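The listed protein sequences derive, respectively, from chains A and B.
Final position of the first sequence in the UniProt record's numbering is 461; the numbers increase by one with none missing.
Final position of the second sequence in the UniProt record's numbering is 310; the numbers increase by one with none missing.
If you're looking for bench data, these hints aren't it; they were derived computationally from the structure.
Note that the structure is a prediction, hence the values are computed from the model and not measured.
Hints should not be assumed to be uniformly reliable.
Calculated lysine-lysine pairs in the DSBU-like style (CA-CA distance at most 35 Å, straight line) [as the list claims (entries may be wrong)]: (1) B:67 to A:443; (2) A:255 to A:455; (3) B:85 to A:455; (4) A:255 to B:67; (5) B:67 to A:117; (6) A:152 to B:85; (7) A:117 to A:455; (8) A:304 to A:443; (9) B:67 to A:281; (10) A:281 to A:180; (11) A:117 to A:255; (12) A:170 to A:117; (13) A:443 to A:255; (14) A:458 to B:85; (15) B:67 to A:455; (16) A:458 to A:445; (17) B:85 to A:117; (18) A:455 to A:281; (19) A:458 to B:67; (20) A:412 to A:400; (21) A:214 to A:458; (22) A:445 to B:85; (23) A:152 to A:458; (24) A:400 to A:170.
Calculated Cβ distances over 10 Å to all of chain B for the following chain A residues [unchecked claim]: (25) 46; (26) 63; (27) 96; (28) 123; (29) 151; (30) 213; (31) 214; (32) 260; (33) 281; (34) 303; (35) 369; (36) 443; (37) 457; (38) 458.
Where a beta carbon is used, it is the ideal one built from N, C-alpha and C, also for glycine.
For reference, the chains in residue letters:
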Amino acid sequence: MTRTTPSSSGRALTRRSVLGGTAALGAAAATGALTGCGGSAGASGTTQLDYWLWDANQLPGYSQAIDLFMQRNPDIDVRITQMGFDDYWTKITASFVAGAGPDVFTDHLGRYPEFLKLDVIVPLDDFAEIAEIPDDQYQPGLQELWTGQDGKRYGLPKDYDTIAIMYDAKALEEAGLAPKDLEGLDWNPEDGGSFEEVLRRLAKDTSGTRGDEKGFDPTSIARYALGADAGIDYTGQSTWSPFAFSTGWTFTDEKTWGTRFNYDDPDFQASLDWYFGLVDKGLLPPFGMFGDSSPAQSQIQGGKAAIALAGSWMIGTYANLEGVDLGIAPLPAGPVGHPVSMFNGLGDSISAQSEHQQEAARLVAFLGSDDAQEIIGRRAVVFPASDAGTAAASEAYESKGLDVSPYTDRVKRGETGLYPLVENAAEIMAIMQPAFDDLWMRKIKASEFTAYNDKVNKLFE
Amino acid sequence: MSAASTAGSVDAGPRRPAGRRKKRDDTRLALLFILPAGIGLLVFLVWPLLTGLYFSLTEYSILTPPKWVGLENYTTMLSDPVFWKSLRVTVLYVAINIGVQTVLALLIAVLMQRLTQSTWLRSLVLTPYLVSNVVAAIVFLWLLDSQLGIVNLLLQAVGFDPVSFWASETWVIPTVALVNVWRHMGYTALLLFAGLQSIPEQLYEAARTEGAGEIQLFRRITLPLLRPILALVLIMTVIGSFQVFDTISVTTQGGPSDASKVLQMYIYENAFGQYNFGYASALSVALLVILMIITFAQYFLTRAGQSDLD
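Make a model of the complete structure from these sequences and hints.
This is the structure we're talking about:
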């Protein structure tokens, strides 16, 4: 759901993290005032640019890339500001209101449609440096996510992410399974396919009985099969979305900028009933069992869950878990015949309030270039948006002993579903969150999502 | 407090020596002294209030100029189920928070007065109030965590099932309310304690010679004579309680399933999450009106302006 890691912010993966900052207003206003001097002239006649990002893990890579940019552009001085994901958006909002925001900032698909509507980011095609960058420099479909309804680009892709399965090889072994048992699995919303069989094998109740053995008590679980973060939202990025996608379902009527949601689709509802029904089977933690302090990776580390769906931005976090023999497996193939991962990516946007948009465009173009993307890729933190960058990242992961092909294969084979790029994202989240909470609490059935879907669709009328 | 002081000043007036030749006009000097506070009042209270009222009649995304829509925000609000739910949640929160807090604070205040003269002990009661709301919320977030929280470990040690204090629709509002009781009861107790100090000791002595016990003393003397202070404290704490935001923003952000989405949280979400500053202003005006009604009602019902001490 988000692109942060716990190391950058202790409460990074909370349910509201994309759309609702938790920072106190006063703090946000104060910090906004402290750092807000976007676009002021540097000391020695150079132009000063402010660049903001939230991921602390990416800070070293971007510092290195931007140093190279400043070497090549001695007339520009870039100041980098990094802050936790939750505060980031509160602060961006406050700084736009105060007219003192960054010149260039890392943007999110869940956010930029609102900025576009508010006219606080500029179309990038107006700048020669960026206009000459072809769409196909990036992984197919990525630039599309950053293109507005007017056909103009509002963000230049910087990286992408997909979903795969993380597991602790020791937990697998204990259940009598080998890593290859997690490959080539199939799934369907009716009986869960061979994927659910594996989940049953992995679960263990407090008396030591396996989920596929007689006498298994689904109400008293020692180890859940599938871990999950505390909040599951309307995008279900690393929770339910791969399952719903793999039935052929899509979020909206259009690939991007859809105006009609499909939460009323029977395939979607069946997928959700299956996913959250895992709670009743003792395979998925019940709502509230693990709070924000115990995200999926902690559940794996603590032996409370055997496997977890995780985004590629979490690879580094999982790889650093002490005592975990990390393995990465592909998602199970769904009714469409192959696995489907959500495809999402970050981009760099330029503030409409910047006084140095030409210089800002040079920075954005550079960050999207192969030179910068390879620097970022070699840090093995994310998959950069360009082919060259992704190749550099895969190599870097490999040298760390990690095979990340379950992530990259989805993009290579076109087995992806797009993050919902729509207007009114904050309103949609506010409408849908109670529905997802209720479903997870097992208070409602997914068929009741039809009424919520009507409310969401009303936003677009 | 103010009730006691007016009673004192009323009879002080006539005794003032009337022999001065001509009273000096202090108006200019007085205005000069009032000026700093007056500017503060205008800039930080009256002006925001007026702009807030204006914004509540507009559609306003803060980055584009406001657009006049008349009473549309208010009609939307009255038919908005989330608004009514958040109001119910807020009232439940206030009921638990104020109910428990007032009883405990009164108990602490009486104990402070009857049992100890130690300034050190008395000031110790205030310490939770010195902790910022956000810090208190984060500390309790961890203490009451469903996996790692020491409270749940203790509950399990004595044979109970762990409780999801923050993620259960039943528990979340009582939990938030009690966290804030913990933080505020010392301060409230201190205010009540000051009121207790103003009750003349000889009343207790007289009652004791008549053979009254501690409980009778409390019911027949302390409570009735404390009423004006208690009323003022209630008015202040109820207003503060209705404005609960930070604890919830830090812990649950309104979840699970909107079970802790109090009015202030809903206002924040509309304003800073969805950029509906117009609608958020209308919700804020609604909160203002509700608070005014409740405050006036409390004031008259408890006769907060009169004292029984005379």
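Against the structure, the hints come out as follows:
1. B:67 to A:443: Outside the cut-off at roughly 41 Å; violated.
2. A:255 to A:455: Roughly 21 Å separates the two Cα atoms, so the pair holds.
3. B:85 to A:455: holds, 17 Å
4. A:255 to B:67: Given that 35 Å is the threshold and the Cα spacing comes to 33 Å, the pair holds.
5. B:67 to A:117: holds, 16 Å
6. A:152 to B:85: violated, 41 Å
7. A:117 to A:455: Status holds; Cα separation ~21 Å.
8. A:304 to A:443: holds, 24 Å
9. B:67 to A:281: Distance of about 53 Å is beyond 35 Å: violated.
10. A:281 to A:180: It holds: about 25 Å lies between the C-alpha atoms, which stays within 35 Å.
11. A:117 to A:255: holds, 19 Å
12. A:170 to A:117: The hint is violated at about 50 Å.
13. A:443 to A:255: Within the cut-off at roughly 32 Å; holds.
14. A:458 to B:85: With a Cα-Cα distance of about 21 Å, the restraint between residue 458 of chain A and residue 85 of chain B holds, given a limit of 35 Å.
15. B:67 to A:455: holds, 25 Å
16. A:458 to A:445: Roughly 22 Å between the alpha carbons, so the hint for residue 458 of chain A and residue 445 of chain A holds.
17. B:85 to A:117: Answer holds: residue 85 of chain B to residue 117 of chain A is near 30 Å, not above 35 Å.
18. A:455 to A:281: The given pair, whose Cα atoms are some 31 Å apart, holds under the 35 Å limit.
19. A:458 to B:67: holds, 22 Å
20. A:412 to A:400: Roughly 22 Å separates the two Cα atoms, so the pair holds.
21. A:214 to A:458: violated, 48 Å
22. A:445 to B:85: holds, 22 Å
23. A:152 to A:458: holds, 27 Å
24. A:400 to A:170: holds, 19 Å
25. 46: holds, 30 Å
26. 63: Since the minimum Cβ distance to chain B is about 30 Å, residue 63 of chain A lies beyond 10 Å and the statement holds.
27. 96: violated, 6 Å
28. 123: Per Cβ check, residue 123 of chain A is outside 10 Å of chain B; nearest 17 Å; holds.
29. 151: holds, 23 Å
30. 213: Holds, because the least Cβ-Cβ distance between residue 213 of chain A and chain B comes to about 25 Å, which exceeds 10 Å.
31. 214: holds, 25 Å
32. 260: Given a closest Cβ separation of 20 Å, the condition holds.
33. 281: holds, 20 Å
34. 303: It holds; residue 303 of chain A is separated from chain B by about 12 Å at its closest Cβ, greater than 10 Å.
35. 369: holds, 31 Å
36. 443: violated, 8 Å
37. 457: holds, 17 Å
38. 458: Holds, because the least Cβ-Cβ distance between residue 458 of chain A and chain B comes to about 13 Å, which exceeds 10 Å.
Checked against the numbered hints above, the structure breaks hints 1, 6, 9, 12, 21, 27 and 36 and satisfies the rest.
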